[in-house]
Amino acid sequence: MNATTATARATSTVAVLDLNGGDRIAAIIASEKSLRLVALSSDAAGFAREVASGDAGVAIIDVVGLSETDVVDVVRATAASATVIVVGDASDSAKLSRAVRSGARAFLLRPYDPDELIASIGDVQLATTRPRATDGATLLAVYAPKGGAGATTVATSLAVALAESGQRTALVDLDLRFGGVGVALDLSGDTTIAEVLAKGGALDARLVDDIFATHRSGLRVLLAPNDVGSAAAVSGADISDVLERLRPHFTTIVLDLPSGYDECTAAALAAADRVLLVTTPELAALRDVQRASQLAPALQNGKAQLIVNRWPSRAAIPPEEIERALGRKIVATIPSDGAALVRAANSGVPFDDRRAMSSKALRQLVRLIPAREPVV
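For what it's worth, this note's numbering labels the leading residue of the sequence shown as 1, then goes sequentially.
One or more of the hints may lead you astray.
Said to hold, decoys possible - SDA-like cross-link-like pairs, simulated, lysine to any residue; straight-line CA separation at most 20 Å:
1. Lys199 <-> Pro248
2. Lys146 <-> Pro114
3. Lys303 <-> Lys199
4. Lys146 <-> Lys33
5. Lys146 <-> Arg291
6. Lys329 <-> Glu116
7. Lys199 <-> Pro225
8. Lys33 <-> Gly136
9. Lys329 <-> Arg291
10. Lys33 <-> Ser93
11. Lys199 <-> Lys146
12. Lys146 <-> Ala315
13. Lys146 <-> Pro248
14. Lys33 <-> Asp23
15. Lys33 <-> Thr13
It is worth saying that the hints were derived from the structure and are not from the lab.
None of the values given here were measured: they were computed from a predicted structure.
Take these sequences, add in the hints, and give me the full structure.
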């Protein structure tokens, strides 16, 4: 059983608002034993009251047939008592965007598979029911849905810079099968995240010192498992647990996530206080960002910040078109200077060549990372 399914089974009551009857959504919910439909309504005005008076943990709102004003009103009213998922067509993008800004935790575009709807219910429950630490480290996830976008270079460079700024900083390689942090920072060791998973309960300072490798910059690094078999056994619940146990020991923890989207990535994104969403200015990369944004509630609630790597470059899509396509503002662009970044990270002085445009861009990006803020 995966973590998201387990969470959905713990809080599995669902209410649905659909002006067109909601037969398909109701059928999907009925087909999943872990879910129970408690309300099916076509009355937008009364839906929030129905949800509040019942026991629905999740409310699914189909925006087709509703005006933008109606969407905002019903989402705001319903989000006060349930976790909201909105559903619509590609032509409803403006309504879906308003819904997310008004309190919806996720959205789905038609056509979608039954498994996508079921997974979304599980994911939003994982994001909203997992206990959170009230103090400790800021968790900063660096995530590129498409491989090769340079997320590991960005993560390692930022982590080294934060460590050199005086913060007690850790870098955790969560690309459990193909982790590249050790290579990027010229680090190796027999102790990895697998050892943390094997230790139950709180972690003491001595154990943290033993398990984490130390980079010459002072950055502490938790490497990916050496054994691919042990990586396959890690669940999303394991990731959530490890990250909470590490919080008390650091000021900032940078998470280098793999490309794609799976249970462990979902858990890391849900745990993160901030997400740096990395893309390159290419159509395929932007498409993967769009897909990941549909799947991951943590990319829909305001804590994700868009970074465009390798811009400008030949035939690159202009920033204004990227913003329009993704519905996000770009907070930083990083020029095509990958070789310089890798050399800097390996030397432990990421901004040694201050004339490099990529170095200047990353120095500006570091300043965008404040102390921990409440998670949206």
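Checked hints:
1. Lys199 <-> Pro248: 16 Å, holds
2. Lys146 <-> Pro114: 24 Å, violated
3. Lys303 <-> Lys199: Judged against 20 Å, a Cα distance of about 31 Å means the pair is violated.
4. Lys146 <-> Lys33: Violated. Lys146 to Lys33 sits at ~33 Å, over the 20 Å cutoff.
5. Lys146 <-> Arg291: Holds, at roughly 10 Å.
6. Lys329 <-> Glu116: This hinted pair is violated, its Cα atoms lying about 27 Å apart.
7. Lys199 <-> Pro225: Answer holds: Lys199 to Pro225 is near 15 Å, not above 20 Å.
8. Lys33 <-> Gly136: Violated: Lys33 and Gly136 sit about 38 Å apart, past 20 Å.
9. Lys329 <-> Arg291: 17 Å, holds
10. Lys33 <-> Ser93: 31 Å, violated
11. Lys199 <-> Lys146: Violated, at about 33 Å.
12. Lys146 <-> Ala315: 18 Å, holds
13. Lys146 <-> Pro248: 32 Å, violated
14. Lys33 <-> Asp23: 17 Å, holds
15. Lys33 <-> Thr13: Measuring from Cα to Cα gives roughly 11 Å; hence the hint holds.
This entry does not satisfy hints 2, 3, 4, 6, 8, 10, 11 and 13, going by the numbered hints stated previously.
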